[in-house]
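Chain B with the ligand: place on chain A using the hints.
The chain contents come next:
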Amino acid sequence: MSFEPKILAFLCNWCSYGAADMAGTSRLQYPSNIRIIRFMCSGRIDPNFVIEAFLRGADGVMITGCHIGDCHYIDGNYKTVHRYEFLKEYLDTLGIGSERLTLEWCSAAEGMKFSQKVTEFTERIRKLGPSPIKGDEQ
Amino acid sequence: MNKTAAVVGAGISGMQAALSLAERGVKVYLIEKTSSIGGIMARLDKTMPTLDCSICILSPFMLAVDRNPMIDILTLTDIIGAEKSDIGYKLTLRKRPRYVDMDKCTGCRDCMSKCPKKITLEHEEPFGTVKAIHFDFDQAIPAVPYIDAENCLMLIKGTCGNCAKFCDKDAIDFEQKEEIVPLEVSSVILATGARPYIPLDRMEYGYGRYKNVITAMELERLLSASGPTEGNVVRASDGKEPKNIAFINCVGSRDLKTGRGYCSKVCCMYGIKEALLVKDHDPGANVTIFYIDIRASGKGYEEFFQNAKDSIRFVRGRPGEILEHEGNDLLIRYENTETQEVIEECFDMVVLNTALVPCEETQQLSEMFDISVNNYGFFMPSKDISCPIDTKQDNVFVVGACQGPNDITDCVSQSIGAVSKTFSMKGDIKQKEKRSLPGASGKDPRIGVFVCHCGKNIGKYVDVKDVVEYAKKLPDVVYAEDSLFTCSDQGQKSIKDTIKKEKLNRVVVAACSPKTHENTFQEALIEAGLNPYMLEMANIRNQCSWVHSKQYDLATQKTKDLVRMSVAKARLLEPLYQREVDVVQHVAVIGGGFTGMASALEMAKNGFRVSLIERESKLGGKASVTNKQKDGTIPEELAEMMANHLEESNNISVFLSSEVENVEGFVGDFILDVSTPNGIEKIECGTVIIATGFDSADVKSSGYTTSESVITDEKFSSMVNCGMLDGKNYVFILCVGARNEQNPYCSKFCCISSLNHVRCLLEDKPDANVTVLYRDIRAYGYHEDTYREVSEKGANFIRYSPEMMPHIDIDKKVVEVYDTTSSKTRTIEFDYCVLERGAIPSKGTTKLRKLFKMSVVSSGFFAEAHLKLAPLDTALDGVFIAGSCQYPKGISEAITQAVSAAGRASIAMGGGTYSAIPITASIDENKCIACKLCMDMCPYKALQMSENGIHMEVITVSCKGCGTCAAFCPSNAITISGFTYKQEKEKLKAIFEGSME
Ligand code: FES
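For the record, the sequence lines run as chains A and B.
The first sequence runs 7 to 144 under this note's numbering.
The second sequence runs 18 to 1014 under this note's numbering.
If we strip away everything but chain B, and leave its shape as in the complex, we get:
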């Protein structure tokens, strides 16, 4: 029987899991309790720290799920029973009625305008209403509304029925009944997520009583262009724009009173993001954030936080209470812990940055499947470190925020990893279906222009309607329209319908960057029977509305120019066809730490040959300088076990003391020159996984030197591991060589490993005197428990400021530190002073970056294809990154990424071929004068003399389409498909045709 899987929950984690499964040819049932897929991310305005428009990056994802034939989406569905069976599980599903026939509905929304009954949606009260028949959010998928049975007049009283009367398609069906259906699957992936905490039990903040106290999720909906106020931030009490706004962090997190001792990990950052967005909407507004520690521990987060300081006031202190004041204003009483003053301050709006808490169904599902939950009510994976997605049941996995607060990046990694683990046999990876692309249709150009508002991202800064009218007048344009989100299901549907109705044979989409959205729109063209290369995009957002947002008229004018340029090129577009490239069934994994070893093992399990390349003489990376983990795992033992597995595998060759010296080739066929102790070895491989980890920062950059008693974190760890530690007084200094001028980023894992050092020390020597000097304790997620545990066991925490770095007197063995909380200088004696260093990119990373020509972010760690949605892919096809070379991280996160990267690589290699973009050179034999200049210029040796010796010819498999040859050809004989001389010249001409002034 074919393998099947149920994925429960269709947020980002569930959707990613479903897509990864489908890529492997597994039939997926994606079960979602609400009426649409998308989850929390679909309801966000922007994502941090890049301020990407959330729905814009999610829409293509949702559509990919929707159009995948291997995925069945079951909305309004709950699991009410589960029983083990021979193949896996027999589930019982309850499907609640939508009251709208999904096959008949066209999503025209006529019903919604006729429905008399207004209701409010979660997180949108009291700002706006929808109708009883509605979408949960504008870009919902399936794009079919549903009727809220509890509020529908027809369903409760038998009156009304307007929607049915006005529906042309007869799609309303009040007779639909709840159905109970069985479903048997071989595995279950639980991705039920978390939900924002509703702070009703934090009485002191008055949520629910004071109109102008709202949650961050409510603000997120206000900020969203498709939210209840169409992107306007207003007060519930009077509809006025607030001018003085306070954000309060950690509401419901790090709070034992409400039983939630954990840190919710994402709130510090979403708080800063929302604060910045409020500022962006109204530059005159004053914004204050009250915080305990700012936990900006993730890639780009610290930089984001530092930049925010320019426009936002940060106050350290947890407000004690909020009182309503005249005219619904709010009085906050707080102690500023930096100045020890108790202050009362008035604000006109307060936003509570609330925790993430488990979803209601978590408990029920845990009982149904007999899997564990932790003391906070989240699912608990069976083994924390080495497999953070397994449960105690063989074929049940837990991914994403249902395990505890997680950001989008980690959710995506976990989901891909879980799928890789479930279906790891090579046989599971279905032969990729070869699709033949449609050809040309119609001779004369008939162009449709689709202009996107991108919510407010374009619409606010450009007169989109005017652009549409302008586009209509351009030559060969037969149709033009605008839409709120062209990338949404509705927007795409409109493109497809119009292609058919207007017999379009070319499409111009004026929206965002082709780098992110070209594929999405190309799919729409294919579905409507057009060749995907008949699409031209005008990047009116990244190149116009966002960068000229204070010049409405000029931006509108430029948008018209950009559209005109695209139309000019579109008129000359020609169909192109994909090329298939063979993929060598061998992967190179570079780096032999935990990440590299885990990737190699996973790839071998998937049936591929693996070469593991390690520059040191031993596998295991930093295992020997890492202390015992909280769950009892001893890193050295784990590394040894993994190394043994590697040795046992027939499919893995390990190269120690070896380094990559040269790289040639492209996805499918890379050739690496590896220097080994036995000379240069040539490794031919289809894909590459890079796992080069991190190095530690130099203590000197913080002005320290080491000695017998002033030791690095690694020295400390190995001393603990060898039981060599003597002495009673210990001082730990955090952020050494981190968050300073040289390395302005936060290395994320060092707070965590420092806390672990303290924990191990206190376990060993319960009466040691421990002082931790810190700037912010970034104990995100469940690490907060460790923070609390060591504090309770007596570790003393002192906050220092980077302007006054603690001073170490090596001879006297004392540290002098200015305590910012008590405003006093303290002198602390030590036997050992441990310098907890930040991370820097490893030597391997720096070297490989050059060899592969990969991008790095400002901190020097590898740049991923997309920080949120493609954290393991890189801009280079066939090259994947995992672990700390992407950004410093702990063992468990690194192993998750390792498994996920292996999953991505397996999919790229599965099926044996890879389809490359069809941009290549071709030669006009009649024009060619056989001068061979192109042959000399081509970096890929893709040109050769024809057999008869009178003209050149292109070796298409070797050609990468860079076009360098064409630029040199003296007789204009070379054409680069997709970027022909004529096409680009027309585009260039068009710039100067309109009125650019």
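Next comes chain A alone, as it looks inside the complex:
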């Protein structure tokens, strides 16, 4: 059977969750591999959650938030950017690979962008194949 990646996305409650909702109302189709966890702000996304996701068996993790300057908590997403850079290095160190993590900004009106980014990311991970640390667990 062909490889179906498991993808986890963390969304902030405001812009990006709104974008996902809008992708729905606009009936924009995207691959069904993604599972979404909502937080109030992308700044809440503890690196632990991302690592945990990979440890549990995720093949890719997507973080989305409001566009820079639009965060509903002033500057939460600036912190997300820093954390993202740090996490990428960390994922390389761990041998998981930074290309399995992505950060996207979507406004509540960008249902189209959301569905496109999910599709692109899913395809990217599909090409990369299963996460290298997955075998360890099973």
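Treat the hints as calculated values from the structure; they're not laboratory data.
Any given hint could be a false lead.
Stated by the list, open to error - Below, a list of computed lysine-lysine pairs in the DSS-like style, where the Cα atoms sit at most 25 Å apart:
#1 Lys133(A) <-> Lys567(B)
#2 Lys119(A) <-> Lys864(B)
#3 Lys135(B) <-> Lys119(A)
#4 Lys257(B) <-> Lys135(B)
#5 Lys1006(B) <-> Lys94(A)
#6 Lys567(B) <-> Lys119(A)
#7 Lys140(A) <-> Lys1002(B)
Below, chain B with the ligand alone, put in the same frame as chain A:
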């Protein structure tokens, strides 16, 4: 005596009015002639242009009306008399019998299965039947059926009585009699709506004679999952799915033959919506729309129309007649006005997009209350422009479609506005009752899972039954069920009953988005004695069925995963309690045009202090470049009058040549830094109303430049206003800088203001030669009258195509245009060529959007909380939008919104407090190592060192719950209620526990 109000008609307008009144502590009698509240909107499948499921967005609304203790719903009730009294009006009501005892009935529907008598409902014939005892639609409220007396065998012949025999609760009561009851109220709001025209007198279309010619409303019922065919589109003649469908626009509208000269405003768009839905049901079907002009003039409408062009054929022309053909097929004869060919074409189904016409009772009510109706039979507000909801009686108001065709958004705005006007004193706003929320119940988790079909929105794409069976096996789940609409009254009742019966202490609702429906389900939990935060929603519609609608198995699998994730989190939910925040009793209104001024005046009348901030050196916005309105209002005079009122008020400070430079704080306590000519002024306010209007598009984007004789719309208006216009030949070019690549949307008001320019010009210079170059004349509603009037007075209309924009030769003073109707190029001389520009978001809008971090739609205008049902609210609590910054609009619509936004803001500020969601940080003192990292990270300075200096503490009033601190805490000492580390980790784990493949 306490103030009371009667609201007549319980469609969207009436319900909104009732809710707004109740919020102000006014006792409301909501009088409805049918058996249920909900009106037309409850019978629609989807709403345009977002394709929201209509009943899904309406159900929470209906329930809010139903559960509000200040609202008495009187169904099956008519007003038969009205008399002025000391406090307002003495009404006489006739209550028709339901024959079912509302207190005893549980809505179980056993009676309906036993009733032998079949009848058909309006708009559903001949597709399906209901019983003599029935609901008008599935989600009816009150959720008690009623007996159609004219068809009940027991009531007409004294035989049968099955329903009574089989009713466990003994709720059937054949003895009920009509009652005449008096009711005295201080004001009356008429919201009787409009009804779809039944095109029997348009003989040429054969409605009523040909089985496969139906109305758009009938198709709407076919499309609806709870309609007579459960969402299947079929032909009445043979039950087959039609493959080739024609829609005909403007049936009964723009039609003097049937006495309806107006445009019904909504039909172009509902037609496109239904056409798309038909395509969605059957991608192989061919769909054609016959139109005169496509009037896609509203927020998002033009984009909706342009997208529809991909899958739907649009033909310009009004079919002359329809003939029945072999096998009940239909032959349409029409002239394609773009090619001038006369064509005959065969279709297997024809849908007539019919007009909206006044309801039967309009005339009667107008006589009863002595208020005017217009020549088309709709209620006529007394003053068109400045107060489009007043009548000539002090305490009688008219809102919504009973004034003329209106879309949902405008109905909602008008209703809130009417209420704001009626009860504007601050004293009317009752202290908000503080409710104490229930706490935890039971120790071990007992979870109930409720899976929604959302009509067909989920049910068609996911095996819901299978999901329910799966949910039953998840840990701590003691109960699981599915329902057609979990958000409906029945669905909620089932949640409440099950909570009690199964002693549930946690609830998972697998349905739509928590952003739209969390509140609704939380209310149900509270009513059943559960803390509202013991709810977890799984968004299986927006995140699954709608986006994986071609992958039944995968979507079902994903739905199970989503349910499992929610159950995992639900097991760890804990009760939370609301926080009360003080609200500064001061409002900032930004923008000093008509909208801003009207909002400021209304807020001051409501007793709040107001700061009005205007970037220009003068109030009035575009008043001086707007011509006299049709009702005789001179905008400049109106603006001056309003400005004078503002000056007279002690409660209003006006800041001219001032701009907001910085924004801090949240609802209840915003702090705005305003740059004024005297330096920076700090304004502390509880709420903000934004009314920054629009700017005009650049003529260059359509390839034009201005000159002495080629002038903009504003230049033209001021020349007319100053009487400076000379010359005989005038050319108007419409859609300049609009509906093009740069600004793909339709600015809505420019057709209207252009027609007004022409009207004023012809009034001034009756023998001027006027040529209007247009793409579609979007003269919606009564503006059609103006269109006809100027055409009759000699204005010549020429349709151009955007691929060949009219060419202006400034030196020769001629315009060359390719006339698409006659396929000829014409050369027209002018003394003045007027460029009618579209609108773009104003500079103020662009700036404030950044400062407040507000969302905008693709056209750059502010996004509202909900396009249909919350057009004045924004995603940001305490910030409201009104007028053209939401979308370009005329003066009267803008003022209505201004008053409504003031109404919304007054309610948010009334009572002095605001209850904030209880999502905040808290610190485990034992884990905290006092590193102060959180203090540096918090954007709100909500963390401080404890007095003894050994751990941090949270200043709860300042905390907004973003959770940034928790993400940085090195010792895991910070918990965010509602999103704790444990809860989210369980949810995350659950993803990988099931078989995700
Ligand atoms: S709220 Fe969306 S990123 Fe902060």
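Taking the hints in turn, this is what the structure says about them:
1. Proposed proximity of Lys133(A) and Lys567(B) is supported: the alpha carbons are some 23 Å apart, at most 25 Å.
2. In summary, the hint linking Lys119(A) to Lys864(B) is supported, as the alpha carbons are separated by about 24 Å, within the 25 Å threshold.
3. For a cut-off of 25 Å, the pair hint linking Lys135(B) to Lys119(A) is broken: about 50 Å separates their Cα positions.
4. A threshold of 25 Å between alpha carbons decides the hint, and for Lys257(B) with Lys135(B) the separation of about 23 Å falls inside it, so the pair holds.
5. With a CA separation close to 22 Å, the supplied pair Lys1006(B) and Lys94(A) stays within the 25 Å bound.
6. For the suggested pair Lys567(B) and Lys119(A), the alpha carbons sit about 20 Å apart, so the restraint of at most 25 Å is met.
7. Distance check on the hinted pair: Lys140(A) and Lys1002(B) sit about 18 Å apart at the alpha-carbon level, within 25 Å; holds.
In this structure, the one hint that does not hold is number 3.
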